[in-house]
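**Student:** Now for the letters of each chain:
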Amino acid sequence: MTEWLRHHRGLIPYLFLVPGGLWLIAFFVLPLLTAVSVALQEGSLGTGYRLTFNFGIFPEAIARWDDQLVRSLQYGLIVTALTMLIGYPMAYTIAFRGGRYKNILLLFVIMPFFTSFIIRTISWKFILADQGFFLGTLKDIGILDQGFRLLATPVAVISGITYNFLPFVVLPLYVALERINPKLIEAAEDLYASRTQAFLRVTLPLSISGVFAGSLLSFIPAVGDYLNAELLGSRNTTMIGNVIQRLYLVNNDYPQASALSLILMLGILVSVFLYRRLLRGQELTI
Amino acid sequence: MAGSTGFAPTADRLPDRRRPLPTRIRTAVLPVYTGLVVMYLFLPIVVMAVFGFNDIQGRFNFTWQGFTLEHWANLFNRYPALNQSLFNSLTVAVISTLVATTFGTLIGLALTRYEFRGRGPLNLLIFLPIATPEIVLGASLLALFVSAGVSRDLTTITIAHIMFNISFVVVTVRARIAGFDRALEEAAMDLGADELTTFRKVTFPLIFPGILAAGLLAFALSIDDFVITQFTAGQTTTFPLWVYGASRIGVPPQVNVMGTLIFLIALVGIVLWVAFQRRDMTARPTTLER
Chain C
8 MTEWLRHHRG LIPYLFLVPG GLWLIAFFVL PLLTAVSVAL QEGSLGTGYR LTFNFGIFPE
68 AIARWDDQLV RSLQYGLIVT ALTMLIGYPM AYTIAFRGGR YKNILLLFVI MPFFTSFIIR
128 TISWKFILAD QGFFLGTLKD IGILDQGFRL LATPVAVISG ITYNFLPFVV LPLYVALERI
188 NPKLIEAAED LYASRTQAFL RVTLPLSISG VFAGSLLSFI PAVGDYLNAE LLGSRNTTMI
248 GNVIQRLYLV NNDYPQASAL SLILMLGILV SVFLYRRLLR GQELTI
Chain R
11 MAGSTGFAPT ADRLPDRRRP LPTRIRTAVL PVYTGLVVMY LFLPIVVMAV FGFNDIQGRF
71 NFTWQGFTLE HWANLFNRYP ALNQSLFNSL TVAVISTLVA TTFGTLIGLA LTRYEFRGRG
131 PLNLLIFLPI ATPEIVLGAS LLALFVSAGV SRDLTTITIA HIMFNISFVV VTVRARIAGF
191 DRALEEAAMD LGADELTTFR KVTFPLIFPG ILAAGLLAFA LSIDDFVITQ FTAGQTTTFP
251 LWVYGASRIG VPPQVNVMGT LIFLIALVGI VLWVAFQRRD MTARPTTLER
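Going down the list, the sequences are from chains C and R.
Counting from 1 along the first sequence, just add 7 to a position and that's the residue number in my numbering.
Counting from 1 along the second sequence, just add 10 to a position and that's the residue number in my numbering.
Hints are supplied without guarantee of correctness; some may be wrong.
[Claimed, not checked] Derived, one-sided and incomplete: chain R residues facing chain C with beta-carbon distance under 10 Å: (1) Leu53; (2) Gly130; (3) Leu132; (4) Leu201; (5) Phe236.
In case anyone wonders, no lab produced these hints; they're calculated from the structure.
Note that this is a predicted model, so its numbers are computed, not measured.
Glycine is no exception: its CB is placed at the ideal position from the N, C-alpha and C atoms.
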């Protein structure tokens, strides 16, 4: 074996790639292709499916679930903006002011992951409950109206998703900010830039790679999320993920569900591509 | 710049109490803010832990009714299905971590240490599963399994977990190997070691922390996965799926206790890991201050 390899050195990297590469082809690429083929089939579980190349299913699905598609996009954008707004100052503080507490602060950021995603979301359901400890107390004191509620509103769903993906934003932002040499910022201030100017023209542009990575890590899972909408929302906060999940697992409407999940994936890839161009454009203008 | 500690970026600051109040407030804003965000991150976890001690009367664990240790004492003998689901989660996590870490490390090695054709498509194949929403991964796998007539059980869950973990392992391991000094391997070879010995005695020990980190990440992602698991599980339950099912009728406090225990185990593990790493590093000054 070793003798044989010595004579075919160029093959070694391919041998390394074979198991993982085949796995990804078999269980990532092939399923996607299957989803395409299923979307183009007509029929039902009872009567069986036939491939009819029904491309009309895509515009049909978009027209039928347009509310949920638009809502998912809106929630995704709002969540991304919120995680950035909340996460950036935090990442900045850890990177530039963390000192010897840097590692412990980073540990705090990832510690929520030590608890199950679903348990945390159920915890939020409890925290936001109408007569729960928090809202109930505020209502009893009279700060909030008795009829006030958060659960089953868009606010609850959006804050739930924001909470879930905040750490994904803080980490890449921290990595990008940590790399910035503080002397560059000092230099800007020495050259009479105000603190705001120094931030906008030095720190922010230099951290743009973290902004890009962080916003993708929050936007992509946020748009596809359905657990928060299900546990914290109501019928008026249904997202596209809920529709796909229901069509697949409850209604067994595989063509429609596959079509929708492909639309979701394509929509996200297009947004990522546009966003990348947008940020690159910004980099050039600064 | 003040005297001998001129290297430190904070050296030109006056001691706290001698600075004017507005400056003190301004410098306190960010740390206070960060503290508040940390509290926000921990709020649901604290709630989870506290309500594991709640002496509930009925099915709903929503209002505080008194302190009890009963749920800790009866952690495993109330809900056999919950134990089974936890066991399923652990099984899937262990197998998928081992397989994905092996496969992913091999790809990471190929990508960083060899020249070969097809790098572009390979990078795309690694990147796309990370950039695809979980629901699309899960739904497509279900489409595949249904079309192929495969019944869903623990095996299909494990297959799916290996799939999404490979990419994360590659990314983590690659980052570690990228900062690796090839001269060390060359030195070993110059000293007469053959390729296998060099790999075993030099390369592997050096990249091992990266592999371990990737494995930990894979384990954490697997044991907590809900979306892809829900699509590939069939009638099988894992811990997150069981909790989800229970959430419709009221989550028993045993779930809070298990969540708290998992949190504590992970925390202890991380602290030990950090301590181990710190001891491992040769003494080197981290600051020039004091």
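**Student:** With reference to the structure, classify each hint as holding or not holding.
**Tutor:** Outcome of the hint check:
| no. | hint | verdict |
| --- | --- | --- |
| 1 | Leu53 | holds, 7 Å |
| 2 | Gly130 | violated, 13 Å |
| 3 | Leu132 | holds, 7 Å |
| 4 | Leu201 | violated, 19 Å |
| 5 | Phe236 | holds, 5 Å |
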